[in-house]
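The listed protein sequences derive, respectively, from chains V and H. Sequential numbering of the first sequence, starting at 49, is according to this note's numbering. Sequential numbering of the second sequence, starting at 49, is according to this note's numbering.
Worth double-checking, as some hints may not be accurate.
A pair holds if it fits inside one copy or across any two, identical chains being indistinguishable in the list.
Within a straight-line C-alpha distance of at most 30 Å, the following computed BS3-like cross-link-like pairs (lysine-lysine) qualify [as the list claims (entries may be wrong)]:
(1) Lys504 with Lys731
(2) Lys62 with Lys424
(3) Lys908 with Lys246
(4) Lys109 with Lys223
(5) Lys873 with Lys733
(6) Lys865 with Lys507
No lab work stands behind these hints, which were simulated from the structure alone.
Protein chains: 2
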Amino acid sequence: MSNLKRVYTFGDKKAEGNASMKNLLGGKGANLAEMNLIGVPVPAGFTITTEVCTEYNQKGKDAVVELMKAEVEVGIATTEKTMNAKFGAKGEEFPLLVSVRSGARASMPGMMNTVLNLGMNDETVKVIAEKSGNEKFAYDSYRRFIQMYGDVVMGVEAENGEHCPFEQVLDKVKKDNNYSTDTEMTVEDLKAVVEDFKAVVKAKAGEDFPTNPWDQLWGSVCAVFDSWNTERAILYRRMEQIPDEWGTAVNVQAMVYGNMGDNSGTGVAFSRDAATGEDQFNGEYLINAQGEDVVSGVRTPLEITKIGSLRWAERNGTSEEVRVKDFASLEESMPTIYNELNNVQQKLEDHYSDMQDMEFTIQDGKLWMLQTRNGKRTGAAMVKMAVDMLKQGLIDEKTAILRQEPNKLDELLHPVFEASAIANAKVLSKGLPASPGAATGIIVFSADDAEIEAEKGEKVILVRRETSPEDLKGMYAAAGILTERGGMTSHAAVVARGMGKCCISSAAGITVSNTSLTINGIAFKKGDYISLDGSTGVVYEGKVATITPTLDGDFGKMMDLAEKNTKMYVRTNADSPSDAKTAREFGAKGIGLCRTEHMFFEGERIWAIREMILAENLEGRKNALAKLLPIQREDFTGILEAMDGFGVTIRLLDPPLHEFTPNDTTSQAEMAAKLGISIEVVKAKVDSLHEFNPMLGHRGCRLGNTYPEITEMQARAIIEATCDLKAKGLNPKPEIMVPLIGTVEEYLMQEEIIRRVAAEVQEEKGVKVDFMVGTMIEIPRAALTANEIAKHAEFFSFGTNDLTQMTFGYSRDDAGKFLPIYINKGILKNDPFQQLDQTGVGQLVEMATQKGRSVKPELKVGICGEHGGEPTSVEFCHRTGMDYVSCSPFRVPIARLAAAQAALR
Amino acid sequence: MSNLKRVYTFGDKKAEGNASMKNLLGGKGANLAEMNLIGVPVPAGFTITTEVCTEYNQKGKDAVVELMKAEVEVGIATTEKTMNAKFGAKGEEFPLLVSVRSGARASMPGMMNTVLNLGMNDETVKVIAEKSGNEKFAYDSYRRFIQMYGDVVMGVEAENGEHCPFEQVLDKVKKDNNYSTDTEMTVEDLKAVVEDFKAVVKAKAGEDFPTNPWDQLWGSVCAVFDSWNTERAILYRRMEQIPDEWGTAVNVQAMVYGNMGDNSGTGVAFSRDAATGEDQFNGEYLINAQGEDVVSGVRTPLEITKIGSLRWAERNGTSEEVRVKDFASLEESMPTIYNELNNVQQKLEDHYSDMQDMEFTIQDGKLWMLQTRNGKRTGAAMVKMAVDMLKQGLIDEKTAILRQEPNKLDELLHPVFEASAIANAKVLSKGLPASPGAATGIIVFSADDAEIEAEKGEKVILVRRETSPEDLKGMYAAAGILTERGGMTSHAAVVARGMGKCCISSAAGITVSNTSLTINGIAFKKGDYISLDGSTGVVYEGKVATITPTLDGDFGKMMDLAEKNTKMYVRTNADSPSDAKTAREFGAKGIGLCRTEHMFFEGERIWAIREMILAENLEGRKNALAKLLPIQREDFTGILEAMDGFGVTIRLLDPPLHEFTPNDTTSQAEMAAKLGISIEVVKAKVDSLHEFNPMLGHRGCRLGNTYPEITEMQARAIIEATCDLKAKGLNPKPEIMVPLIGTVEEYLMQEEIIRRVAAEVQEEKGVKVDFMVGTMIEIPRAALTANEIAKHAEFFSFGTNDLTQMTFGYSRDDAGKFLPIYINKGILKNDPFQQLDQTGVGQLVEMATQKGRSVKPELKVGICGEHGGEPTSVEFCHRTGMDYVSCSPFRVPIARLAAAQAALR
């Protein structure tokens, strides 16, 4: 390890690293190097590698500081030389101040700590004041540094619900002098603040604020490494599935100043529109500000381009006069800088062949690029950018497809508000369309409440003044986020887009506290409904109805690309003709799971099934089932017709019978009255049906094998519907699926019934139809004995929901008590109900597929668990050699794209 | 198929078959052939093979009669020649009458139908009357034939609860003539009965009674084949695990008559004592009777040997005078025949090297052997006979061991009555010690009630006048059987011994109806307690306390043989020092499963665990656990001491926490008062702990990983106990077992806690101890990823109870709703919770063992599910290469024997 190169320098269009070294230098570090190499102006500095982070976690602070010391000293020396400044300068030299930032392989916005203006002390501040001729700037930087360092490195924090102690000092100065903003403070005020801040540090941290820049540097570098293991960083990694062992690099870079006066500024820019995908350079900036001011949302930033500014004014009803005076774009206020920036963004996008998200600072009329990376984007933007870039010849088909994050398509597939509902809805406010999509829900004011209400099944809208990393779990739980403050690049906006959640920021006329929301004088409380349209920024009162999106335009083109490149096809899980139609429009080629029991719950049907349950003998059950027959036949007719020409897998009755009986006395009395029997009989039956572990109880084919008359009725309904449609000239293709097989004997008994009834019906109707009989593989024993089962079954469909439950021994209904803890503690990498566990459950799936095909090579194999719409699971299904995956209608496009990606990889 | 040999003849010391052809000829047919070959007198006849039964089930009656016709005709012709009689004789020839009996590979007592005296009609009866000079015998035989044939072949049965129609005819004749027994009927009566019987057949069956002997023969042969598929035959096969496809042979054999007068008789004999194993020829006989009279229990038979007769008289207080006059043994009444029989039994036992169960008939002073087979025996007799025969040089060690049915040892291991309890118990009656063992329970009078009460968890004593195959399911459910009538070879006695159930028959002074029991004038009703000692025949009033049997004498010798020949060793599942001691006495070498949670339910301990559950934070939980620590330490000290020198596998807390909290309001109020909190808090906690599928919920290592402090406490208690014992000079060997592992990460987190705490404790105590850490493999995923887990775990113990639940997806608590139906319908061959499913669950066990040993060849592997005491499962464990099996203390000897058998096979 001692021969490791731990530090990579960059600056003045030279660099030891490059863009391909992301794993070692982190995304930020690799791109800082790369930007130098392609001639973009970047302040000099160096990157300490991610390997050092791993060393740090293993060997501890002191050992690692010792190991990297010499190289860091070289890094500082190189930076000094390039920037013509001196770290810890005294007297003649211009002091070198540096920023210390984390930079992991994957972007973790707002997660990692940053220290700016490092190198400041009572000596250097004077030199800077003198050399810059701006004493206020110097002391303002100094006080910012003490606060940031005190917070990040020395752990000075708000205690017992008090305001942050640094903020208390500032509040007092402003109150004493009757200032409304920080910028009103005088040099003398700032000098006093610096002293007070140092006193705060001494009091809270129990030691003096370090004056030696080298001590400051080591403290900050180690704080970055430490921040890798904070609770919020760990939580973010869990959510984004970033391995703990990746570690973070540390970037130490010469400071440049956007706060040196009105000829300075800072901003964030995107080479294309991250929300819509439009090929339009855009971004936000602030004059006389440091980077944190833009992203924190404390000041509302201005548009970079004139077109962006004009659009902003239109949205806000701002007059051109006011716009030009108070809200001019960078294009208008600093045209030369703007042109340079525009050239840089174009160069970077061309170089990386992808949309760039850039940070820049203008110091006294000179542009410096501080960061570039592939920009996060909404699902719609992702699709549009790929289609556009393909058209523009920037990327090829394979890249266009592989660059999609299939899950992000979800945003394009979620309902949007109905036009008619919007027309009637009362508009409460309008804010920035920070993250698109529509959401309706109840108001909550804290992340905790968001979690609590969401767990109860409520859709919630998290309403905050502004969000911070502490709000992350609440944002995750919420359907939408509304903030009083912040721009398009505020924490709330960036994170919400990353999550694909609807978000509106800086909504007009709203005031948010920790317990209330007031919109233009109207008070809203926790639990009230509001609706957000994240694509327009409009906030509506109450609930607003939604409609289903369709597959066309760029989305349709992307789906065509997927279709062209896929091997597996995609079916849908659908229990109704309307679901079947929706899915077919999204490109589903058949139904992989039609759950017949859902049909039993509707309206009067429940009474027939209850009558069957209460029947004392076979005859009674048959009479009740006879009432269900025409209803089921009609259901199947509708679904088979909607999927005409494609296979429709119909699963026979699956849930335990007690799901059809009521547990409360009132409903039992109703049931007794309706069926003309005593309530005692109803109660006794309900009691007798009670199960300790219904998951593992009397359900699935166990019902069909103990009450064969149920299977007879269902088989009859399916084949009658098929015969009728065939007679009408259609091409119905039912695939009758026996659920919950554990032994081949269970399958054989059901198959015998189905084939016998099918023969009878075809004889009666005088029509010959095609149909298949197969089974669900959802019990471990079925997977283990798949070679026996495949001798008879014509198809397998993996029910990975139940297979996961039984393979792990987790009840999905109960696992909420320990699964989140398991994921937090790293016992599980992710929720196996969301992402197929390829090691365990997947082993059974592969085994069953191989065993099944070993006796029947043409065996049709698919998956109908919810994993069928989850991209990593879809890839697994592809590798396993499945014929298709099946998922809910709205996930069909996601699965299609994932299937194409799997085929291309 | 048409070249099949379907019929095998025997007679006059010649035979086409032999004893090795049991699969083809059935046990009875093969032995009839063999007896001829070794010179034993057997009436001539022939056997239709079991293959014909299979053909019959496939091709149907008419086709199969056609296929076997020619060979059967040859069989009849050969028999006619040997016996010098003519089938369907008219005039001069003596008519050949035959019996038609079933004979499967495995004995199925009372299961299959038999027809005697076949060949009788209005013609032959006259010839027989004339030739035999005994008209009454002729017509008595005729009327018996019509009744038997009418019942068995033509389906004439009692209807609507009426008495059997044939019995109604007999009752009327006896009533009209004031007879008390059948034998009082005159020839004229019998002739009238014959006519009436024929009328009954015509009326009930709708056709005439067949007069052609060939028609009678085909009808009977087919009825035997049909009887293979009667409900009671199927039930018996399920219980005894006899495959349906084995089929039955049919034996057609010349009739010989035990009812031709006082120089005739019939009986059943055993070459050794089937109850005790004593090497003493014994049996029972009746003068002037047919075979059915002995086994039906209608007449109480006499002893064959003088010693048996003397013992009988002593038991019954019968004077020698009365004994010699009315109850003389065959040895005394027919000494020549007795000597011949004694020689035959000796010859047969020597020939077969096993105890023989024989049927014989004496016709007019000539002995005929009708059947021989290896006799059923009690567990004690099984052990004693094998040990004796080994000593006598009849068999070798391997045979002695392999001849044991391990499950039968259960009888020797069940509690017997305490001597002191018997001394105080009121003796109600004394009967035949028909099947040994002790049973206490409530009285029931029907098989249905026996089942119903047993399902409720009651121990029941089935009390019947006499038993018939219809009572089988009730006998299966009962703890003991008491009958008013019947001898040692009655249906009740034979079946009870086969089942290993305690049975007393022919109890003195008792009268049984379908609803009442009167013993010497005292009336008992359903639900009253009585106690049976099947080894002495004594019936006691009320409940009688029992004691534990010990391992000595022949039993000890058999265990020594097992020990010498085994490869696997046997551990026990024990949660207390006393269980550990018992098991150690039975030869257990360690504990395979010590369930720590059982310790939490006792007395005050439950309050500490409840306090822990209700604690709101870590500190509260730790305080409560601190109270449990000394208690657990004491538990472990006791158990480790009792098993000193052997490994003790201690499983960490396994059940979900809600098992420790009360569900009813009263107990919740008590809990609230005791813990000083409000009942609402208790209720809320109980509600929050509720699970939909507790089997798959928050339990096992999921508890230890979410509340590490529980594992810490348990690890501390175990290691503290170990250190203390080590310090006292003992050799404790704890093996700490983590339950319910599904991922290696779960194991690692628990192992880290255990090893950390163990290091702390050893440091504190200044004692270094040996211990192991390993895991239970009971979740399918653990088996699938065993190679990962074995990198860390030192041992695997298969928890096949849970593994079966999850592999099949069966909740053991709920499967009662469909498992019995599945077994009845043949979907399952047997209950997978009793007998390990080698195909599915076993596949996971083998896979996990192989995967585990692939990374750690020395991995210790055992089983601690209840299958560990089930012989076929033990054999599987041996084949899989396990180091040990573990089972409940009373099954340890069974497992030891099964392990030795597995090693010998």
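Here is how each hint holds up against the structure:
1. Lys504 with Lys731: both (29 Å within a copy, 19 Å between copies)
2. Lys62 with Lys424: Result: close within a single copy only, 28 Å intra versus 96 Å inter.
3. Lys908 with Lys246: Neither: 72 Å inside a chain and 63 Å across chains, both beyond 30 Å.
4. Lys109 with Lys223: neither (42 Å within a copy, 110 Å between copies)
5. Lys873 with Lys733: between (44 Å within a copy, 24 Å between copies)
6. Lys865 with Lys507: within (21 Å within a copy, 40 Å between copies)
Of the numbered hints stated above, those contradicted by the structure are hints 3 and 4, listed in ascending order.
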